[in-house]
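Number of protein chains: 2
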Amino acid sequence: MATLTSYSDVSGSAPRYSTKKADSSFGIVYVNIGLFLIVLGVGMFIPAIVDASNHNDDWQVFAFCSSFITFLGALLFLSNKAKFTSLSIKQGFLITVSTWLAIPFFGALPFIFADLHLSVTDAFFEAMSGVTTTGSTVITGLDGLPPGILLWRSLLQWLGGVGIIAMGVAIMPILKVGGMQLFKIEAFDTSENFIPRSTSLAISLTVLYIGLTLICGVILWLCGMSPFDAACHAFTTISTGGFSTSDSSVAYFDNALIEYVISFFMIIGSLPFIIYLKMLVGRSLKPLNDSQIKGFVIVLAFFISLVTIWLCIANNLDFFQSLRYTTFNIISVITGTGFASIDYTIWGSFSSVLFFFIMFIGGCSGSTSCGIKIFRFQVMLLAIKTSIKRWMWPNGIHIAKYNGQPVTNNIIGSVFSFVFLFVLSLSVLTLLLTLTGLDFTTAISGAGTALANVGPGIGHIVGPAGNFQTLPDVAKWILSFGMLLGRLEIFSVLVLLSPAFWKQ
Amino acid sequence: MATLTSYSDVSGSAPRYSTKKADSSFGIVYVNIGLFLIVLGVGMFIPAIVDASNHNDDWQVFAFCSSFITFLGALLFLSNKAKFTSLSIKQGFLITVSTWLAIPFFGALPFIFADLHLSVTDAFFEAMSGVTTTGSTVITGLDGLPPGILLWRSLLQWLGGVGIIAMGVAIMPILKVGGMQLFKIEAFDTSENFIPRSTSLAISLTVLYIGLTLICGVILWLCGMSPFDAACHAFTTISTGGFSTSDSSVAYFDNALIEYVISFFMIIGSLPFIIYLKMLVGRSLKPLNDSQIKGFVIVLAFFISLVTIWLCIANNLDFFQSLRYTTFNIISVITGTGFASIDYTIWGSFSSVLFFFIMFIGGCSGSTSCGIKIFRFQVMLLAIKTSIKRWMWPNGIHIAKYNGQPVTNNIIGSVFSFVFLFVLSLSVLTLLLTLTGLDFTTAISGAGTALANVGPGIGHIVGPAGNFQTLPDVAKWILSFGMLLGRLEIFSVLVLLSPAFWKQ
Chain A
108 MATLTSYSDV SGSAPRYSTK KADSSFGIVY VNIGLFLIVL GVGMFIPAIV
158 DASNHNDDWQ VFAFCSSFIT FLGALLFLSN KAKFTSLSIK QGFLITVSTW
208 LAIPFFGALP FIFADLHLSV TDAFFEAMSG VTTTGSTVIT GLDGLPPGIL
258 LWRSLLQWLG GVGIIAMGVA IMPILKVGGM QLFKIEAFDT SENFIPRSTS
308 LAISLTVLYI GLTLICGVIL WLCGMSPFDA ACHAFTTIST GGFSTSDSSV
358 AYFDNALIEY VISFFMIIGS LPFIIYLKML VGRSLKPLND SQIKGFVIVL
408 AFFISLVTIW LCIANNLDFF QSLRYTTFNI ISVITGTGFA SIDYTIWGSF
458 SSVLFFFIMF IGGCSGSTSC GIKIFRFQVM LLAIKTSIKR WMWPNGIHIA
508 KYNGQPVTNN IIGSVFSFVF LFVLSLSVLT LLLTLTGLDF TTAISGAGTA
558 LANVGPGIGH IVGPAGNFQT LPDVAKWILS FGMLLGRLEI FSVLVLLSPA
608 FWKQ
Chain B
108 MATLTSYSDV SGSAPRYSTK KADSSFGIVY VNIGLFLIVL GVGMFIPAIV
158 DASNHNDDWQ VFAFCSSFIT FLGALLFLSN KAKFTSLSIK QGFLITVSTW
208 LAIPFFGALP FIFADLHLSV TDAFFEAMSG VTTTGSTVIT GLDGLPPGIL
258 LWRSLLQWLG GVGIIAMGVA IMPILKVGGM QLFKIEAFDT SENFIPRSTS
308 LAISLTVLYI GLTLICGVIL WLCGMSPFDA ACHAFTTIST GGFSTSDSSV
358 AYFDNALIEY VISFFMIIGS LPFIIYLKML VGRSLKPLND SQIKGFVIVL
408 AFFISLVTIW LCIANNLDFF QSLRYTTFNI ISVITGTGFA SIDYTIWGSF
458 SSVLFFFIMF IGGCSGSTSC GIKIFRFQVM LLAIKTSIKR WMWPNGIHIA
508 KYNGQPVTNN IIGSVFSFVF LFVLSLSVLT LLLTLTGLDF TTAISGAGTA
558 LANVGPGIGH IVGPAGNFQT LPDVAKWILS FGMLLGRLEI FSVLVLLSPA
608 FWKQ
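For the protein sequence lines, the chains are A and B, in the order given. Everything in the first sequence is counted per the numbering used here, starting at 108 for the first residue and increasing by one. Everything in the second sequence is counted per the numbering used here, starting at 108 for the first residue and increasing by one.
Take these hints with a grain of salt, some might be off.
For lysine-lysine, the following DSSO-like pairs were computed, each having C-alpha atoms within a straight-line distance of at most 27 Å [as the list claims (entries may be wrong)]:
1. B/Lys492 x A/Lys508
2. A/Lys291 x B/Lys492
3. A/Lys492 x B/Lys610
What the hints contain is simulated information worked out from the structure, not anything from laboratory work. Please read these numbers as outputs of a predicted model, since none were measured by experiment.
With the hints as extra help, turn the sequences into a complete structure.
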């Protein structure tokens, strides 16, 4: 197993804890889980306050769970704390997966113990759907729920969003998962002082994330949402999560302005957040120079135009109405948010199937968006183009470049392997879902929407007008696993299942 | 554009035609189309004889079309004949695509002019489905059709089968399409005398193919089929085509022995034919040493066991009955033959979806089978395995080997590009089909069954108990294009659509 450095704990100041702890594989993993649990626990105190001020008894559940989780997190954190400076690849994978298992596990507690009384399966599904920013829900009657639960669902997505940005910027590129080594930040090239550097970067990103959420929330409030709805939707928009406060999702507000604002912030949530930092310090003022962003914008524009024109011609809709529907729903599905402003599957087979396929596209790397992601399509097309060139002019020198960087064969291999594993996972999950009795359309679009962390699939059960409530329990566990798999770029989860990983 | 050789027409004997002709891009293409049309025309004379001896007036149509096509072929052949020795890559692509367009075009004539009177669309679809060994049909009431038409359908598949073996062995590896350079035969390494060598190889393969068809036919006849049915099914079994003489396909015979015999010969048709030649001359007596064959047998055994056990447990079927059903239908779908001995979609969602996914697997390279093909899955898994090794032990030397040959990055790139283009083609064809009004299941499984040259899809329209007749005309043209795309490994067709191909 490669380690990023051999300089483990070599800081000049005398370490307060034995170096043994810092060297062990699990110390930093526990510290990390502890840290995330503290954040989760503190976050859970907000719905407690909101429910208490609304005289809803759920506040006790939130307050108790909050204290318990914070305490547990602090215990884990303090008992393993040491001066960590480097991170091995093994630790990277362990941190990634254990965090994304611990958060939904503990995040599900309020769903079980509050007045809602979800079953363990439903509660875990809802929490996993939240943390992975998927947005599939098993809860009906959202409009009548107490504010605490609604806020907690939104907060789960918001926390999941900031978590994945941090992972995507700091850890994933080092793990070289699915070609993400393309996005390794120069400053991180040497792993000495990796931990302090990544911590400071994570803090900057978090501040930025909070700022963007605030702006989104205020604008939604100015557009006519109640402060509470504005807050909840800001949380789930910027995290491209898609939980809403109404069963009819954003269609409930029936407000074009709100839809365009949400559309804009869904895009903001799907761009690489590091770009915003660069823009803030003035190092990049032309975001469209970035290949990922450029590709993403072109893809969005292409599909919005295509469906708008098709709606005008085939369904005789007014141009501006078509544009409003398609802008919102195409952006919602491609970014993997999953809000719906209309049941787009009623437009017929073409739009259903188009929405099925585009949900796999996803946003940019280093954002809250999931799916296969724009850069992988770009790398694959680049690889095909280069191999055609090589085949036509075998004596020429053909080097594929992406965003100014040479794309090595290793990167191309990683990207294609990722897509292969994605399609394989989709097939296996679909087959497993049919074993629980689901029909083809529900199974394949359910598996797809879980893997791509979108939210709605197609068909009357899991479509934008449906609900995951009626699915069998086993199907919900399969889908929860699919969400985890998709959120952590598949490979991170699969590698933990291989025996070779555990041998040193 | 790379050429395989610069020794064009350098034979010692004085060429009878000017070297200019031999150098031109199109001479050898015309000669090749001419040759194939002669074979087609001569083949068409057989149904004429059969119909005449059965006092069916269709014999005149067959006899006239046969003479016309043979004449046209001879004209093309003789007017462009020269002593060709080498083949450029451009010519290779042109030959491949033009042949697979010319044959269905002329092969469709009897369907239009015989008593059956199919529309041009239906006739072309049926002929394309025949020549590409797909086996989807638009004809209902097969059981009552005159023998000439039934025989012609079978012959089209048989000719398509031998054609693709020759292409797969001689031309495709040189065109380096989708990683097929892995199967380049050593003797072909230098392209001098490429044409004479490949001609002699093609003749050996054809003799072998005729022999295997004869053996298959005789055994089917001994098992109780009428000589006519035995002949037709032998033609469509060895070519993994799947046209039958009855609307209920092989279920019509309701004979376990016949099903096992056909199963065996469908496998024979899906193995690399070059292996049989090697076995005949005693150079290889252990076919299972070949990675492709080994992988293919393991895949078949896995899926047959899986579905047999599932049928016994979930559907309470008797073990031997389950084994009979699954052996035949799994082999039929994986090999891309498309015979059905039962409507396996009535077993429920799991089997429908399983049959949907396995149809993409396909057989071995250099056989009559289509689909993604076993070796591509093996190369992809090998690539993933090697990149995991590289990631775990970055300082080691990790060379991927397949069948004793090193798998270069170029081969891996070609294979992954093929699969990417396959999935992309599947998505685009599915979307186009939904525009004609088809539902999701019909569209995606119709596109899949066309691309993988299987025959039946899933759902009640294109499923094993359905028929392609009721589809809109536009859908039939889209599916015909899909069959061509799949049969010629996608890239061969797409490259002809690129402007760069036509420059020089």
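Here's how the hints hold up against the structure:
A threshold of 27 Å between alpha carbons decides the hint, and for lysine 492 of chain B with lysine 508 of chain A the separation of about 25 Å falls inside it, so the pair holds. Under the criterion of a C-alpha separation no larger than 27 Å, the hint pairing lysine 291 of chain A with lysine 492 of chain B is consistent with the structure, at around 23 Å. In summary, the hint linking lysine 492 of chain A to lysine 610 of chain B is supported, as the alpha carbons are separated by about 17 Å, within the 27 Å threshold.
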